[in-house]
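Participant: Chains as they are written, first to last, in the numbering used here: chain A, 1 to 111; chain B, 1 to 113.
In short, the hints are calculated from the structure, not lab data. There could be a bad hint or two in this list.
[What the hints assert, rightly or not] The calculated DSBU-like cross-link candidates involving lysine-lysine, where the alpha carbons are at most 30 Å apart (straight line), are:
1) B:LYS57 with A:LYS9
2) A:LYS9 with B:LYS83
3) A:LYS57 with A:LYS15
4) B:LYS83 with A:LYS22
5) B:LYS78 with A:LYS103
6) A:LYS22 with A:LYS106
7) B:LYS57 with B:LYS83
8) A:LYS103 with A:LYS22
9) B:LYS83 with A:LYS103
10) B:LYS42 with A:LYS106
11) A:LYS65 with B:LYS83
12) A:LYS73 with A:LYS22
13) A:LYS57 with B:LYS57
14) A:LYS73 with B:LYS42
15) B:LYS83 with B:LYS42
16) A:LYS22 with B:LYS57
17) B:LYS42 with A:LYS65
18) A:LYS65 with B:LYS57
19) A:LYS103 with A:LYS65
20) A:LYS22 with A:LYS57
21) A:LYS9 with B:LYS42
22) B:LYS83 with A:LYS57
23) B:LYS78 with B:LYS42
24) A:LYS15 with B:LYS42
25) A:LYS73 with A:LYS106
26) A:LYS103 with B:LYS42
[Stated by the list, open to error] Here are some of the chain B residues that sit facing chain A, going by a computed Cβ distance under 8 Å:
27) GLU18
28) SER48
29) PHE61
30) PHE65
31) PHE91
32) GLN102
The beta carbon of each residue, even a glycine, is placed where N, CA and C say it ideally should be.
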Amino acid sequence: AQRVTQPEKLLSVFKGAPVELKCNYSYSGSPELFWYVQYSRQRLQLLLRHISRESIKGFTADLNKGETSFHLKKPFAQEEDSAMYYCALSPRQGGSEKLVFGKGTKLTVNP
Amino acid sequence: EPEVTQTPSHQVTQMGQEVILRCVPISNHLYFYWYRQILGQKVEFLVSFYNNEISEKSEIFDDQFSVERPDGSNFTLKIRSTKLEDSAMYFCATRGQGIYEQYFGPGTRLTVT
Chain A
1 AQRVTQPEKL LSVFKGAPVE LKCNYSYSGS PELFWYVQYS RQRLQLLLRH ISRESIKGFT
61 ADLNKGETSF HLKKPFAQEE DSAMYYCALS PRQGGSEKLV FGKGTKLTVN P
Chain B
1 EPEVTQTPSH QVTQMGQEVI LRCVPISNHL YFYWYRQILG QKVEFLVSFY NNEISEKSEI
61 FDDQFSVERP DGSNFTLKIR STKLEDSAMY FCATRGQGIY EQYFGPGTRL TVT
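Whenever a hint applies, use it, and build me the whole structure from the sequences.
Facilitator: If you want it as structure tokens, here you go:
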């Protein structure tokens, strides 16, 4: 079975502080990992995909297969980063394209 | 920028009634998905649909649920006889050929009373 765990329901930091949103996954194969973000009153949108290894809006995430983690990091948080962040896994096994989501972490960046 | 749209934004229905949730995908997108999120819980996969066929479904997607693309544009999710536990936010997502990203709609909030 596939499972994504985001241990922090809420995370609050001050502007300019580093932020790390934790994500751990459970899957026996080689999944594809994503971070989705939902800003207030907006739709879910893709933030990062592990395969692309890019930085979006200053955020990066590294897949650690040994620790089965895909933590999202940003060195200097901005107020506009306040949002709901969801880690998601796609099994890709047998052509599966479903996304398995974690419960999400609500990030608040205070001025 | 093209977006996935969903109607209605909020639907209230009585237990046992049928509901149809509608999604208009981004044009030229060929892969379609439904997810739901019960209040306070995870976003859960329901079904994926391609080439007029279900390609994958979860155990949540039982005989009460069905999907179709009746007119080549809308993609619908039908719940035949709603239960209280069907109350949730339902999200449609679509994807283009050769593109990995699933684009989500704004969701339909279904309330079953």
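Participant: Does each hint fit the structure? Answer for all of them.
Facilitator: Hints, one by one, checked against the model:
1. B:LYS57 with A:LYS9: At roughly 28 Å apart (the allowed maximum being 30 Å), LYS9 (chain A) and LYS57 (chain B) satisfy the hint.
2. A:LYS9 with B:LYS83: holds, 28 Å
3. A:LYS57 with A:LYS15: holds, 15 Å
4. B:LYS83 with A:LYS22: violated, 35 Å
5. B:LYS78 with A:LYS103: holds, 26 Å
6. A:LYS22 with A:LYS106: With Cα atoms ~12 Å apart, LYS22 (chain A) and LYS106 (chain A) stay inside 30 Å; holds.
7. B:LYS57 with B:LYS83: Answer holds: LYS57 (chain B) to LYS83 (chain B) is near 19 Å, not above 30 Å.
8. A:LYS103 with A:LYS22: holds, 12 Å
9. B:LYS83 with A:LYS103: holds, 23 Å
10. B:LYS42 with A:LYS106: Holds, because 13 Å separates the two Cα atoms, which is no more than 30 Å.
11. A:LYS65 with B:LYS83: With a Cα-Cα distance of about 40 Å, the restraint between LYS65 (chain A) and LYS83 (chain B) is violated, given a limit of 30 Å.
12. A:LYS73 with A:LYS22: Holds. LYS73 (chain A) to LYS22 (chain A) sits at ~9 Å (cutoff 30 Å).
13. A:LYS57 with B:LYS57: Violated, at roughly 34 Å.
14. A:LYS73 with B:LYS42: holds, 22 Å
15. B:LYS83 with B:LYS42: holds, 19 Å
16. A:LYS22 with B:LYS57: Roughly 28 Å between the alpha carbons, so the hint for LYS22 (chain A) and LYS57 (chain B) holds.
17. B:LYS42 with A:LYS65: holds, 23 Å
18. A:LYS65 with B:LYS57: holds, 27 Å
19. A:LYS103 with A:LYS65: holds, 21 Å
20. A:LYS22 with A:LYS57: holds, 18 Å
21. A:LYS9 with B:LYS42: holds, 12 Å
22. B:LYS83 with A:LYS57: violated, 41 Å
23. B:LYS78 with B:LYS42: Answer holds: LYS78 (chain B) to LYS42 (chain B) is near 21 Å, not above 30 Å.
24. A:LYS15 with B:LYS42: Given that 30 Å is the threshold and the Cα spacing comes to 28 Å, the pair holds.
25. A:LYS73 with A:LYS106: holds, 14 Å
26. A:LYS103 with B:LYS42: At roughly 5 Å apart (the allowed maximum being 30 Å), LYS42 (chain B) and LYS103 (chain A) satisfy the hint.
27. GLU18: violated, 25 Å
28. SER48: holds, 6 Å
29. PHE61: violated, 11 Å
30. PHE65: Given a least distance of 15 Å, the restraint on PHE65 (chain B) is violated.
31. PHE91: Hint on PHE91 (chain B): holds, closest Cβ of chain A at ~7 Å, below 8 Å.
32. GLN102: Constraint on GLN102 (chain B) satisfied, holds at 7 Å.
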